[in-house]
Amino acid sequence: MTTQVREIPHKVNIATSGLLSWIMTVDHKRIGILYLFSAFIFFLVGGIEALLMRIQLAQPDNKFLSPDVYNQIFTMHGTTMIFLVVMPLAAGFGNYLVPLMIGARDMAFPKLNALSYWTYLFGGVFMYSSFAFGGAPNDGWFSYAPLTEKAFSPTHGMDFWVMGILMLGLATTIGSINFIVTIIQLRAPGMTLTKLPLFVWTTFVTSFLAVFSLPSLTTAVLLLLLDRQLGSHFYNTAEGGSALLWQHLFWFFGHPEVYILILPAMGIVSMVIPVFSSKPLFGYPAVVFSTIAIGFLGFTVWAHHMFATGMPTASLLFFSADSFLIGVPTGVKIFAWLGTMWKGKLRFMTPMLFSIGFVALFLIGGLDGIHLAVVPVDWQITDSYYVVAHIHYVLFGGAIFGIFSGIYYWFPKMTGRLLGESLGKWHFWLMFIGMNMVFMPMHVLGLEGMPRRIYTYGPGRGWEIWNFIETIGAAIIAISVFIFVVNFFLTMLRAPTHHESDPWDGFTLEWTTSSPPPNYNFAEIPTVRSRRPLWDKKHPELADWKEETA
Amino acid sequence: MNSMTSAHPMSKASTGKLALFITLGTESVFFVTLLVAYIALRDSVTWNVPHTWTRLTIPLLNTVVLLVSVLLAWLSGAAIRRDNKSALKSNLLTTILLGLFFVAGQIYEFSHAGLHINDSSFGGVFFTLMGFHALHVLAGVVFLGLNYVRASLGDFSAQQHEAVELGVLFWYYVAAVWLVLFVALYLV
Ligand code: HEM
Ligand SMILES: [Cu+2]
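Protein sequences, first through last, are from chains A and B.
For the first sequence, the working numbering begins at 1 and goes up steadily by one.
For the second sequence, the working numbering begins at 1 and goes up steadily by one.
Certain hints may be false.
Said to hold, decoys possible - Simulated pairs of lysine to any residue, SDA-like, Cα-Cα distance not exceeding 25 angstroms:
id, chain 1, residue 1, chain 2, residue 2
1, A, K150, B, I39
2, A, K111, B, L24
3, A, K111, B, N118
4, A, K111, B, T15
5, A, K150, B, Q160
6, A, K150, B, K17
7, A, K150, B, N118
8, A, K111, B, Q160
9, A, K111, B, L146
10, A, K111, B, F156
11, A, K150, B, V45
12, A, K150, B, H116
13, A, K111, B, K17
14, A, K111, B, S90
It should be emphasised that the hints constitute simulated quantities derived from the structure, not laboratory data.
In this text, all values refer to a predicted model and were calculated from it rather than measured experimentally.
With the rest of the complex left out, here is chain A (with noise of 0.2 angstroms):
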């Protein structure tokens, strides 16, 4: 790795310690901190939800929550989860991680970047100030129309979800174009999109995605905000509306947003599994190729979620063969971490366990995606407790798991100090045995036609003991996240050790600064000749350059 000298730019602050210091940043690194703190916050409040509802569901005819609360929590855990929480999180890493991976001082805009974060806090706050306005909305994280329309729904809640909605899908519209033009314009010389770090290049396409999905979302809640509050009929069937219309929009933004929920941490574990197996990924082009093709395919596959509505044959057809055809560049993924980890010097450290346990809940849920996506087995299990099932191993298994792995393995760049690694295996093992009983028996349930967002079932129907499992599966999960709150205390009360060194044995260019960086990231650009610079300074007789253009 050589280097190239450029004078250190004169970054503007207006304080530099103490809240307005955080308050006033365009810094990309503490955005993406404000980022990952916000989202954790709001983390919280959804397990909450979600420990209240298996409160609820312990028991059959249990009277904790009433169905009206129940409605409103089900739709806030759901909305948190996926607006406020993991898209929030991706974002978070994408802005601390993208120009310090791609050898750039800042993002591209740095204060569209501020701009974009503020946005999204504000409008999830907004979101939640609901409850203190009538309710919460109360009509699940799709909100269908008609369903939604004034008539159904009287109360401001869903006024306040749409309000959100069109917040939260500005603030990520803003973001996504800061992202792809900073990918595109500064990455450092030598930086070729072939050299790309995979999560750079997930955080690329997802940012498309988004560009591409959401306004499709922002059409569907400003139709619905005029039919509530000007009268118009765009969903209103009795005066000539449709009532698949919400449907098509919502899900033309449904199925891509689940893989800008799930690709940036496809990118994490392709970092990490790497780095903890002492080899460089395996198939990167290929990797690469299945990111690009999801993207294009995550557009065409909306109507598996409408295999219900009564869809002429063709497009049952259509939708479910594209639906299989979108597994395939999923499976590629998954072998090429295998064969990442095949023969490798695996180190078991929590990163790479988080990993593993990514690659093994996610091939369940993709495998589960691929039953519902078989049009009459969907018939029979679609609104049941499998679809809970499957949702949760991709987003818990999946994006959860995937982003506590890099929180682990960036926190010492974050912050100069390592997570302790035994609390880490005790959050990494509670989480996954508690995932997996939470969510693993709702398989059963679904086929045993429990129907999802009930407030509660009568006895007798054998459903009993699985809910009791998940109930007690959810308080091993809630353990677990509390063991993790601990261990960031404890670490962050003991002072940093990791300053100058690069704690994991790293690859890429993220390594090659200080923990935690300076402001300007780099004193000197870098020049990059291979997929792993930090490992050809390490290394320069075996430098991966030497391999990678010959």
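Once you have looked at the hints, place chain B with the ligands on chain A.
Positioned in the frame of chain A, the structure of chain B with the ligands alone reads:
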């Protein structure tokens, strides 16, 4: 743009143009999905296009106004490329005035169309598509207006005028969307 983030020599594209094109991409999906709503409701029982619709005067006039303004916007860009600052300013100003004329025409049309947003599925589609387009025209007027102010302050030169180019591109886009909406709502 400051020195912190100046584009790397590896990339030849202009950062501002790149950001604008992606923004127009996301805007386009927005308008296309609005048109999906239009298509979805077209066959509904309450798709009552008003009887007076044969009166195309205002929409046609507005189309001409917008097309002339596009020509002037293009001239404003050409002017600054030749470093002609006074032509830049006068062309920007007329573009802005024509844009405002267009919006005034739309407001007149909205109140004389014999339609309301809540009286038929057509009314909803009409006001939504036209309303969001008019907001974009206003956004374009603000963009060009800022450029006019900067031009008056002497901010632009033959070498330094990216904002002018971006504003003009946005104006082209607004006019292109209008042509699609005009065909969809008045002609077919
Ligand atoms: C192997 C590829 C996948 C296939 C074939 C697939 C298929 C499906 C199908 C057919 C449904 C509709 C089930 C129903 O409502 O009856 C569904 C729902 C869902 N999927 Fe997937 N899926 C896949 C991967 C993923 C991934 C990677 C994620 C997210 C990270 C995801 C998240 C979801 C969510 C959130 C829902 C439920 C939406 C709702 O109704 O609330 N899926 N999937
Ligand atoms: Cu889907």
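Structure-based check of each hint:
A distance of roughly 24 angstroms separates the Cα atoms of K150/A and I39/B; the hinted pair therefore holds under the 25 angstroms criterion. At roughly 20 angstroms between alpha-carbon atoms, K111/A and L24/B fall within 25 angstroms of each other, so this suggested pair holds. As the CA atoms of K111/A and N118/B are separated by approximately 40 angstroms, the hinted pair breaks the 25 angstroms bound. A hinted pair counts as satisfied when its Cα atoms are at most 25 angstroms apart, and K111/A with T15/B qualifies at roughly 15 angstroms.
Only pairs whose Cα atoms come within 25 angstroms are accepted, and K150/A paired with Q160/B is rejected, the gap being roughly 52 angstroms. A hinted pair counts as satisfied when its Cα atoms are at most 25 angstroms apart, and K150/A with K17/B does not qualify at roughly 42 angstroms. Restraint check for K150/A and N118/B: the C-alpha separation of about 14 angstroms stays at or below 25 angstroms, so the hint holds. Proximity of K111/A to Q160/B is assessed by CA-CA distance (about 22 angstroms); at most 25 angstroms being required, the pair is judged to hold.
A hinted pair counts as satisfied when its Cα atoms are at most 25 angstroms apart, and K111/A with L146/B qualifies at roughly 19 angstroms. Of the pairs offered as hints, the one joining K111/A and F156/B holds, with about 23 angstroms between alpha carbons and a cut-off of 25 angstroms not exceeded. A C-alpha spacing of about 22 angstroms is found between K150/A and V45/B, which places the hinted pair at or below 25 angstroms, so the restraint holds. For the given pair, K150/A sits about 19 angstroms from H116/B by alpha-carbon distance, which is consistent with the 25 angstroms threshold.
For a cut-off of 25 angstroms, the pair hint linking K111/A to K17/B stands: about 18 angstroms separates their Cα positions. Of the supplied pair hints, the one linking K111/A and S90/B is violated, its CA atoms being roughly 32 angstroms apart against a limit of 25 angstroms.
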